[in-house]
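Q: With the hints as constraints, model all of the structure from the sequences given.
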Amino acid sequence: MPGPPRRPHRTDALIAATGMAAGLVMWSLGLYSSPALAQDRGDWALLPLAAMCTAELLRRVWQPGALLLACAAFAADQATGSLLVTVAMFTDLCYAAVMYGPPRVARVVPPAFIAVSIGSTALLLALLRDAQALLLGAMIGLLTVGSAFTGLITRAHRDAAAAERLRAEQTRLLAEIDRAQAVTAERSRVARELHDVVANHLSAIALHSTAALSLREPDTTRRALRVIRENSTQGLTEMRRLIGLLRDGSPETPAPTPSLDGLGALVTQADEAGAARGLRFTADDRRTGTPLPAPVELAAYRIVQESLANAVKHGAPGPAAVHLDLRDDTLHIAVTSPHSQRPAPAVPGTGSGLTGMRERAALLGGDLTAGPHGGVWHVRAALPLEPPLPSQHQHQHQHQPERTARP
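Residue numbers for the sequence shown follow my numbering, so the first one is 1 and each next one is one higher.
FYI, nobody ran anything at the bench for these hints, they're computed from the structure.
There could be a bad hint or two in this list.
Label pairs and their calculated CB-CB ranges [to be verified]:
#1 Leu174 - Asp284: 16 to 26 Å
#2 Gln181 - Pro317: 43 to 53 Å
#3 Pro295 - Ala182: 17 to 27 Å
#4 Ala126 - Pro8: 37 to 47 Å
#5 Ala72 - Ala131: 24 to 34 Å
#6 Arg167 - Ala265: 49 to 59 Å
#7 Ala72 - Ala161: 31 to 41 Å
#8 Val183 - Pro295: 17 to 27 Å
Since this is a predicted model, take the numbers as computed values, not measurements.
The beta-carbon is built from N, C-alpha and C at its ideal position, and this holds for glycine as well.
A: As structure tokens, then:
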């Protein structure tokens with residue numbers, strides 16, 4: 001909540017000036033609420049009026065001082081014949097003390113006025129010994145307690161409205177943060193998909209076109225060109241599917257989700273692509289008949305696909321292998337390829353493939369490491385079949401150690 005203003009409000013100045021003008025008119029015409037008292041003390045009624053107008057001027061900037069000044073002016077006004085304008089401004093100051101005063105003042109003023117009203121009624125009964133004292137006490141309570149509770153209710157509505165505005169602003173900011181995070185996550189997902197389904201085909205095209213240019217045998221050249229045609233066709237198909245996803249939200253015909261049932265085809269393609277570089281690929285699938293969740297199947301397929309593509313692009317001549325095993329409700333993936341004395345890569349890499357593999361593993365609450373050891377490049381991944389709780393997943397992701405990037 002903002003603090004009180006440092007100078008009188010323009011509305012308060014207008015109220016004070018209007019009250020002073022109306023009070024002077026009533027004083028000049030002799031319009032007193034208690035004519036009997038005004039006969040001897042009517043000329044002094046201007047002092048309580050001036051004090052009340054001063055308190056009215058400071059009703060927002062000087063609480064509870066303005067209320068104390070108003071109480072003193074009200075008592076003096078009652079002793080000098082009482083002008084109706086002074087009483088009206090006193091009720092407004094009782095309201096303003098609760099409405100604009102500090103929270104402590106807003107809590108104290110209504111009970112204090114209740115106590116004053118009860119005490120005044122009892123005192124008037126003791127002095128007047130007449131039932132009319134009850135009417136006077138009720139008037140005092142109406143002027144003070146009624147005004148204070150009106151201010152209290154209005155202040156509660158004002159604070160509730162301010163809280164709702166703050167909550168709405170916080171909700172808007174959270175929605176903006178969620179939107180930005182969703183956009184970032186979607187861009188990362190699209191980047192992974194583009195790399196996995198398109199970049200690998202383009203890499204194969206580059207590898208085989210290089211081989212075709214360096215070979216003289218017609219049969220070998222024909223095989224390389226056939227592989228180039230197949231990969232270019234598949235790459236265009238996948239590109240059209242992704243463009244349809246980005247443009248329309250869903251493809252015209254849903255593409256089948258890749259799974260580990262295509263592991264043999266992946267290894268065969270890698271073996272054909274790596275033959276020119278002296279690479280030989282084998283697969284060892286030791287999974288049981290336990291069905292895997294679709295997200296785990298897709299992530300495992302993409303990790304194996306990217307690992308084989310990296311082996312073809314960067315691996316040295318020699319044997320490469322893929323191992324799959326299911327232990328403790330976790331799918332373990334291991335891809336090894338020769339690392340020592342490797343030739344320069346036929347296709348330059350950016351490292352985004354390793355980043356995408358780690359992101360896929362992390363989204364499932366798993367882990368992935370990649371790096372050389374003993375002349376062999378190892379890619380190891382562990383993908384749990386049951387994803388962890390969101391809090392555990394976040395904790396694991398925040399404390400995941402940095403892994404070695406493939407050169």
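Q: Does the beta carbon distance between Ala72 and Ala161 stay inside 31 to 41 Å, or does it fall outside?
A: Holds: the Cβ-Cβ distance is about 34 Å, inside 31 to 41 Å.
Q: Is the distance from the Cβ of Leu174 to the Cβ of Asp284 consistent with 16 to 26 Å?
A: violated, 48 Å
Q: So does Gln181 sit 43 to 53 Å from Pro317, Cβ to Cβ?
A: holds, 45 Å
Q: Using the beta carbons of Ala72 and Ala131, state whether their distance is inside 24 to 34 Å or not.
A: holds, 29 Å
Q: Has the hinted range 37 to 47 Å been met by the Cβ atoms of Ala126 and Pro8?
A: With a Cβ separation near 41 Å, Ala126 and Pro8 satisfy 37 to 47 Å, so the hint holds.
Q: Hint says 17 to 27 Å; check whether the CB-CB distance for Val183 and Pro295 agrees.
A: holds, 21 Å
Q: Would you say the C-beta atoms of Arg167 and Ala265 sit inside 49 to 59 Å of each other?
A: For Arg167 and Ala265 the Cβ distance comes to about 55 Å; the hint holds.
Q: Measuring from beta carbon to beta carbon, are Pro295 and Ala182 in 17 to 27 Å?
A: Since Pro295 and Ala182 have Cβ atoms about 18 Å apart, the given range 17 to 27 Å holds.
Checked against the numbered hints listed earlier, the structure breaks hint 1 alone; every other hint is satisfied.
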